[in-house]
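K.L.:
Residue numbers (full-length UniProt numbering), protein chains in the order written: chain E, 1 to 202; chain C, 1 to 202.
If you are wondering where the hints come from, they were derived from the structure by calculation, not from laboratory data.
Mixed in with the good hints there might be a few duds.
Note that the list lumps identical chains together, so a pair holds whenever it fits in one copy or between two copies.
[Said to hold, decoys possible] Think about it this way: if two alpha-carbon atoms lie no more than 27 angstroms apart in a straight line, the pair counts; the simulated DSS-like pairs of lysine-lysine are:
1. K5 x K40
2. K40 x K197
3. K38 x K5
4. K57 x K39
5. K5 x K57
6. K197 x K39
7. K5 x K197
8. K40 x K57
9. K57 x K197
10. K197 x K38
Nothing here was measured: the structure is a model prediction, and the numbers come from that model.
Protein chains: 2
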Amino acid sequence: MANRKVAGPEIERLIQLLARLPGLGPRSARRAALHLIKKKDQLLVPLADAMGVAVEKVGVCSVCGTVDTSDPCTICCDDGRDPSLLVVVEDVADLWALERAGVLNARYHVLGGTLSPLDGIGPEDLNIASLVERVREGAIGEVILAVNATVEGQTTALYVTDQLAGLDVTVTRLAHGVPVGGELDHLDEGTLAQALKARTRF
Amino acid sequence: MANRKVAGPEIERLIQLLARLPGLGPRSARRAALHLIKKKDQLLVPLADAMGVAVEKVGVCSVCGTVDTSDPCTICCDDGRDPSLLVVVEDVADLWALERAGVLNARYHVLGGTLSPLDGIGPEDLNIASLVERVREGAIGEVILAVNATVEGQTTALYVTDQLAGLDVTVTRLAHGVPVGGELDHLDEGTLAQALKARTRF
Numbered sequence: 001m002a003n004r005k006v007a008g009p010e011i012e013r014l015i016q017l018l019a020r021l022p023g024l025g026p027r028s029a030r031r032a033a034l035h036l037i038k039k040k041d042q043l044l045v046p047l048a049d050a051m052g053v054a055v056e057k058v059g060v061c062s063v064c065g066t067v068d069t070s071d072p073c074t075i076c077c078d079d080g081r082d083p084s085l086l087v088v089v090e091d092v093a094d095l096w097a098l099e100r101a102g103v104l105n106a107r108y109h110v111l112g113g114t115l116s117p118l119d120g121i122g123p124e125d126l127n128i129a130s131l132v133e134r135v136r137e138g139a140i141g142e143v144i145l146a147v148n149a150t151v152e153g154q155t156t157a158l159y160v161t162d163q164l165a166g167l168d169v170t171v172t173r174l175a176h177g178v179p180v181g182g183e184l185d186h187l188d189e190g191t192l193a194q195a196l197k198a199r200t201r202f
Numbered sequence: 001m002a003n004r005k006v007a008g009p010e011i012e013r014l015i016q017l018l019a020r021l022p023g024l025g026p027r028s029a030r031r032a033a034l035h036l037i038k039k040k041d042q043l044l045v046p047l048a049d050a051m052g053v054a055v056e057k058v059g060v061c062s063v064c065g066t067v068d069t070s071d072p073c074t075i076c077c078d079d080g081r082d083p084s085l086l087v088v089v090e091d092v093a094d095l096w097a098l099e100r101a102g103v104l105n106a107r108y109h110v111l112g113g114t115l116s117p118l119d120g121i122g123p124e125d126l127n128i129a130s131l132v133e134r135v136r137e138g139a140i141g142e143v144i145l146a147v148n149a150t151v152e153g154q155t156t157a158l159y160v161t162d163q164l165a166g167l168d169v170t171v172t173r174l175a176h177g178v179p180v181g182g183e184l185d186h187l188d189e190g191t192l193a194q195a196l197k198a199r200t201r202f
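Bound-form chain E, shown alone (with noise of 0.2 angstroms):
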């Protein structure tokens, strides 16, 4: 469809539209829209109205940053997590992540990024002094900084401990190591290293 026109201009800009979505290109796009089209009744009238609805009814939780359809969020409201602990995140996605191991039973914190000062990201661009504010409340024993072992992560983690130092509460981070199922052989050289470094008693 690139010169002349197969169809009319609504359906090109669905196609153009599903393109930009993260794992889709203009091949599957296309292949997404003709399965929403054939499938009208089945799947693109839902996912209008989800879709719909989402425009009408998501934002963003005052509280901890996630994104959610009411605020505070599904998990501030949560009275059967530990109030006491608080997990510091880059992004909603790493919440999620989190959420599907199931092995946490806390509240937390979503910072939106990571500090980039090529970026021209700063502190007062992330959700810092908020996590401060939670933090000099007084009611959580720990935060655990479940940032990406990324330099801007381990960046952002370190200004994080910086501002909350002086505050009543245990900072944590997540063990670096050999990942479950990882092979020695296919891990670099900095993880096999922290994985020496932090061995533990068999």
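Knowing the structure of chain E, use the given hints to seat chain C on it.
P.N.:
Just chain C, lined up with the frame of chain E:
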């Protein structure tokens, strides 16, 4: 998000519906949903609108069987196309693929599938009667059967040819052979045999 709720049911539903798109699994559907929510004004709102328009406007062309926002479709209404050349395809996706190749200036007829007795798909389930009717009207000089080179596709092509027998029309099919850029080493024996049989002077 297997067990505990991390967000309202509206977000879960959006993820589940996105996961039903071809090319997106559960994991990439979550990424897509998050991307949509974060890019609310730039992506979620326009995509929801585009889907709403598609729900309202998209239908099947009563002449050729493709999908479009107008009936007859953009192609059937395009006076610049050769009215004597009709390309028969299995699916709208095949029509789009041929148009991308950009070498034809023809009209199309979408069968809507292939004959498949095991799946209970007979001639009456495909747009074959309407094809015969179009050809019988007399303006079409050549019918190109651009069906897939599968058993079902070829069976369907044979059946269609049979139905068109006796009408004043030339029926042709796509050439079989080595795909452009293809390496002989990676091709199956059937393709090689066809490529040899249909060899041409260099």
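K.L.:
Kindly indicate which numbered hints from before are broken by the structure, ordering the numbers from low to high.
P.N.:
2, 6, 7, 9, 10
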